[in-house]
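2 protein chains.
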Amino acid sequence: MLVSGGLDSAVTLAVAKQDGHDCLAVTFDYGQRHRVELACAARVVAAAGVMEHRTVIIDASALAGSALTGGGAVPHGRSDAVIGEGIPATYVPARNLVFLSLALAIAETAGARAIYIGANAVDYSGYPDCRGVFLESFERTANLATQAGVEGEPCVIHAPLLDLPKADIIQLGHGLGVDFELTSSCYDPGPSGTACGTCDSCIIRAAGFKAAGVLG
Amino acid sequence: MLVSGGLDSAVTLAVAKQDGHDCLAVTFDYGQRHRVELACAARVVAAAGVMEHRTVIIDASALAGSALTGGGAVPHGRSDAVIGEGIPATYVPARNLVFLSLALAIAETAGARAIYIGANAVDYSGYPDCRGVFLESFERTANLATQAGVEGEPCVIHAPLLDLPKADIIQLGHGLGVDFELTSSCYDPGPSGTACGTCDSCIIRAAGFKAAGVLG
Chain S
22 MLVSGGLDSA VTLAVAKQDG HDCLAVTFDY GQRHRVELAC AARVVAAAGV
72 MEHRTVIIDA SALAGSALTG GGAVPHGRSD AVIGEGIPAT YVPARNLVFL
122 SLALAIAETA GARAIYIGAN AVDYSGYPDC RGVFLESFER TANLATQAGV
172 EGEPCVIHAP LLDLPKADII QLGHGLGVDF ELTSSCYDPG PSGTACGTCD
222 SCIIRAAGFK AAGVLG
Chain F
22 MLVSGGLDSA VTLAVAKQDG HDCLAVTFDY GQRHRVELAC AARVVAAAGV
72 MEHRTVIIDA SALAGSALTG GGAVPHGRSD AVIGEGIPAT YVPARNLVFL
122 SLALAIAETA GARAIYIGAN AVDYSGYPDC RGVFLESFER TANLATQAGV
172 EGEPCVIHAP LLDLPKADII QLGHGLGVDF ELTSSCYDPG PSGTACGTCD
222 SCIIRAAGFK AAGVLG
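Line order of the protein sequences matches chains S and F.
Going by my numbering, the first sequence opens with residue 22, and the numbers climb by one from there.
Going by my numbering, the second sequence opens with residue 22, and the numbers climb by one from there.
Heads up, a few of these hints could be off.
Just so you have them, the derived chain F footprint on chain S, three or more residues with Cβ under 8 Å [stated by the list, open to error]:
| # | segment |
| --- | --- |
| 1 | 81-89 |
| 2 | 123-134 |
| 3 | 149-159 |
| 4 | 208-222 |
Source of the hints: derived by calculation from the structure; they are not laboratory data.
Every value quoted in this text rests on a predicted model; they were computed, and no experiment measured them.
All C-beta atoms, glycine included, are put in the ideal place defined by N, C-alpha and C.
The following block holds chain S by itself, in its conformation from the complex (with noise of 0.2 Å):
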């Protein structure tokens, strides 16, 4: 199960959860700049109970060219008709392919055949690693990668919020009990984490929860 510490990890961990798994937790280290994620994953983790959390650290030099990462200015107080037009400047190459590579290494040695990861193509169109089409295509490499693969039962990846709007996930995650407090979905906070509230993760987290009618 990847937990970032956002909102969507957040809810994807309940849901897991809900289908009957017992939790490994991975949560990446890569440099990023919102690292007051890292400490929400603590918290969410936590809360939700989970037989193991681990962070793993991704050496930052390869996953460098981002405005999340250092390399560029994060976009502030765009529309939302903007946000949704092309791949922002806060897509990391590679992301999500790297992190359920290493999640499929450590899923493999544990004997989990399950991975739940809370990729969303709905508010996020930009980021091409969050589509259907290429976690699908990744199920598929996993299992020619692998030996348990090859020769055992085949891994699964599991995104069931793949194509709800933020409001319906702020909504599923309500019912499961999970608390949106001890999440963080800002990509430029401040120095003590202190949400932004104007790039564009912050501005489809708060539509979100208007739309949901739940307090955010």
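Starting from the known structure of chain S, fit chain F onto it as the hints suggest.
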């Protein structure tokens, strides 16, 4: 260009250069037992000449669960027939998938659209992630995962040694001026980096040099 410090990647680097590429060499430090290969990689790269050489650290906890990363004993003294049977204890879960995913991230940031890997399906047929069917699936997934794959020029995975027996690889490298003395293949070297001579990799290497009629 993935450079491990072994024989195959040294020959692959020579092929990539012959293909006209200016190479960004990437070596992975993943807690491997045979760490001597990291120094070999530096020597191979220095001898060949590349635009840049990066050593990327992979959190060792993610690639545990193999005899190569401390998760059991490296087999010694196995016959050729036995070496060809099944997936050996030296299999590292999802290793080439993790390596290629990180290489893809680096390639996209650097603007490289070709990745060379010394994967070989003949002598190490036990490793699922050294097969052409995996590499083709990875290439598809990579181009679905990335901005460059979706909007720009697709990334191509080159594995020029894929279908060559070890003797042919050695002859190819010999013809391209590769200095095999710089490389290390041993899975279980002594403290000073001396090859054991009895692990699967040492046995395949020695048989390859003998069959190629080249001094190794």
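Exercise. Within the segment 123-134 of chain S, is the number of residues with a Cβ closer than 8 Å to a Cβ of chain F three or more?
Worked result: holds (count 6)
For this session: Examine the segment 149-159 of chain S for residues whose CB is less than 8 Å from any CB of chain F, and state whether their number is three or more.
Result: Answer holds; 7 residues pass the 8 Å Cβ test.
Exercise. Under a C-beta cut-off of less than 8 Å, do 3 or more residues of the segment 81-89 of chain S approach chain F closely enough to confirm the stated coverage?
Worked result: holds (count 5)
Problem set entry | Whether chain F covers the segment 208-222 of chain S (at least 3 residues having a Cβ closer than 8 Å to its Cβ atoms) | Answer violated; 0 residues pass the 8 Å Cβ test.
Checked against the numbered hints given earlier, the structure breaks only hint 4 and satisfies all the rest.
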